[in-house]
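Same order as they appear, the protein sequences are chains B and X.
In terms of my numbering, the first sequence opens at residue 1 and continues consecutively.
In terms of my numbering, the second sequence opens at residue 1001 and continues consecutively.
Derived from the structure by calculation, the hints contain no laboratory data.
Quick caveat, the model's predicted, so the values are computed rather than measured.
Check before you lean on any hint, since a few could be wrong.
Stated by the list, open to error - Cross-link-like lysine to aspartate or glutamate pairs, in silico, DMTMM-like; alpha carbons within 25 Å at most:
hint	chain 1	residue 1	chain 2	residue 2
1	B	K96	B	E32
2	B	K109	X	E1091
3	B	K382	X	E1028
4	B	K285	X	E1091
5	B	K285	X	E1126
6	B	K254	X	E1028
7	B	K285	X	D1072
8	B	K335	X	D1109
9	B	K335	X	E1150
10	X	K1034	B	D361
11	B	K335	X	D1120
12	B	K382	X	E1118
13	B	K109	X	D1109
Stated by the list, open to error - Cβ pair distances, simulated, as ranges:
hint	chain 1	residue 1	chain 2	residue 2	range
14	X	D1023	B	A360	19 to 29 Å
15	X	H1039	B	S69	46 to 56 Å
16	B	T334	X	T1058	31 to 41 Å
17	B	P225	X	Q1067	31 to 41 Å
18	X	R1096	B	T334	52 to 62 Å
19	X	P1121	B	K66	33 to 43 Å
20	X	R1152	B	K237	34 to 44 Å
21	X	S1033	B	E77	15 to 25 Å
22	B	S69	X	K1138	50 to 60 Å
23	X	R1159	B	R348	52 to 62 Å
24	X	Q1067	B	V72	32 to 42 Å
25	B	K237	X	D1156	28 to 38 Å
26	B	E77	X	D1156	53 to 63 Å
27	B	Y174	X	G1041	32 to 42 Å
As the list claims (entries may be wrong) - Quick partial rundown of chain X residues pointing at chain B, CB under 7 Å, derived from the structure:
hint	residue
28	G1030
29	E1113
30	Y1117
31	I1119
32	P1121
33	A1146
34	W1154
Each residue gets a CB set at the ideal place from its N, CA and C atoms; glycine is no exception.
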Amino acid sequence: MRLFFTFLATLMLAGTAAAQHHNHGKPSAAPEAFTATPAFGPDGTLWLVRATADKIAVVKSTDLGKTFSEPVAVTPEPMNLDWGPDARARIAVDPKGGVIVTFAIFQDKNFNGRAFFARSKDNGASFTPPRPITADKTSQRFETVAVDPSSGRFFATWLDKRNGAKARAAGKPYPGAALAFAWEDGDADFGKTEIALDNTCECCRLGVAFAGPGRPAVVFRNIFPGSVRDHAVVTFKDATTPGPLRRVSADDWKIEACPHHGPTIAIAPDGSYHVAWFTDAPSRKGLFYARADNGNVPFGAPRALSSPNRQPARPYLLSDGQALHLVWKEFDGTKSVVRWQVSRDSGRQWTDARTIAETADASDHPLLVAHGGHAYLSWLTKVEGYRLIPLENQP
Amino acid sequence: MSKAAILALLLALGLVGNVHAADPQPFERGSWSKLMAAHEGQPTIVHLWGLTCAPCLTELPHWANLQKERPDMRLVLLAADPVPQPPVRVEEMLTRTGLGKTESWSFADRFNERLRYEIDPSWSGELPRTLMIDREGKVTTLPGVADLAEVRTWLDRQRKR
């Protein structure tokens, strides 16, 4: 009987601990969004959109991240935010200082999403109520917003499941999702949604860069025949005409699942393309980088960024006008570290990888952001909080 | 205290029902070595799956069937979602699949790099994944949806030894 009561007491304690867990909203109780995404405004203000549990808020800093303004709510009430490991709220600032935020929620337990946007015309003092980015309600996720530097127009692209639902209703198979896009159309809204391409992988983040005026280039994990989930780039011929699919590399990663691990792209002023990605194919495992001289030629041979047993992950590329920067995350057995390489000759030669930040607990993806020819690492970690770290010149 | 009184107490505490359909054990830093120590010297299959992994959910019933067919199989289920899921939902899924009584763990730390490293430094987190661990601790890894014929062959080999 005494044993039984010990058992009972243990159960009760465990029950109390579980209840506390719930009350404090710890990650083990319910999945939560934990991201910070940066953008510089034309005046050098650093804007940051934070997704925390069930809320989205924007803060800004005029001293390069040392201090931040009070948060301004983007979501007026709690929402069931997409907490997927490759999802994040995004922010972009146009040349006039107009701010846009995009984010997605889960509509149901099957991970069908709904992408929203909200805008600010008063320098971030307030945001419009979030509105859906597209009228179709099937599912949108991994929305990404970018500013066309030539026109200042916002371009949004995302993974959309409308064609999958239509195909299934007609009894046809439809693997994955579609790459959808829309352009800002006036102050209020996004214009018509167009589908650039069907049958992309359905849960990896997208990367966007601009190849020229009104010509976005989108990198994504595609589904090639045989459920091979390798990467491809589509460069727009003009604002509404997606060009042909260009494969980045033939890793031949055949997988029936979604890796939750999307690519990154940068286009340098000389027109060269730069892509980094994750793969776990039998013959090629880990993170890789490849370049192409321009938008019409094949990508060169992939270069491994790290040893696969260091869990290399979440690459990010940025051209700051003078140099190309590449960062990614690795795990050294105790800590997650951010590794950094820079190239000053259009990605032909790179400096040795160097650790520029580390943390001993959970962390967001490392991101890069630049203003006035200076590039910075933007990284949210559980222990240290948000950090903006200048990428100093290397010898 | 009579049995009836104990039962009444348990009912009052809302514990009846929870005793059998136990939540998955929280898989935290150090849990892997505990799990390995608990099964040391016994051929054990650790199946890594996730609530957020669609092919995993399709595969789970096959493991339930194999468990019935092969009572000699020591199976451990580990939900390794990259963002930890509510334990109650993990348990619901396993109960619905007929695996509610199988030893079960669930990632309970957002620092999943650390948890994955303890299990296998070269595992980048892809699910599903099956680890077959023999008496000597030698691990045979089946990435992706497991070929159950291969699992049966492995089980047969463990029995003969």
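Here's how the hints hold up against the structure:
no.	hint	result
1	B:K96 x B:E32	violated (34 Å)
2	B:K109 x X:E1091	holds (15 Å)
3	B:K382 x X:E1028	holds (16 Å)
4	B:K285 x X:E1091	violated (33 Å)
5	B:K285 x X:E1126	holds (12 Å)
6	B:K254 x X:E1028	violated (31 Å)
7	B:K285 x X:D1072	violated (35 Å)
8	B:K335 x X:D1109	holds (14 Å)
9	B:K335 x X:E1150	violated (36 Å)
10	X:K1034 x B:D361	holds (21 Å)
11	B:K335 x X:D1120	holds (16 Å)
12	B:K382 x X:E1118	holds (20 Å)
13	B:K109 x X:D1109	holds (22 Å)
14	X:D1023 x B:A360: 19 to 29 Å	holds (27 Å)
15	X:H1039 x B:S69: 46 to 56 Å	holds (53 Å)
16	B:T334 x X:T1058: 31 to 41 Å	holds (36 Å)
17	B:P225 x X:Q1067: 31 to 41 Å	holds (35 Å)
18	X:R1096 x B:T334: 52 to 62 Å	violated (38 Å)
19	X:P1121 x B:K66: 33 to 43 Å	holds (37 Å)
20	X:R1152 x B:K237: 34 to 44 Å	violated (54 Å)
21	X:S1033 x B:E77: 15 to 25 Å	violated (44 Å)
22	B:S69 x X:K1138: 50 to 60 Å	holds (57 Å)
23	X:R1159 x B:R348: 52 to 62 Å	holds (58 Å)
24	X:Q1067 x B:V72: 32 to 42 Å	violated (53 Å)
25	B:K237 x X:D1156: 28 to 38 Å	violated (59 Å)
26	B:E77 x X:D1156: 53 to 63 Å	holds (58 Å)
27	B:Y174 x X:G1041: 32 to 42 Å	violated (49 Å)
28	G1030	violated (13 Å)
29	E1113	holds (4 Å)
30	Y1117	holds (6 Å)
31	I1119	violated (11 Å)
32	P1121	holds (5 Å)
33	A1146	violated (13 Å)
34	W1154	violated (20 Å)
Violated hints, listed in ascending order, are 1, 4, 6, 7, 9, 18, 20, 21, 24, 25, 27, 28, 31, 33, 34; each of the other numbered hints is respected by the structure.
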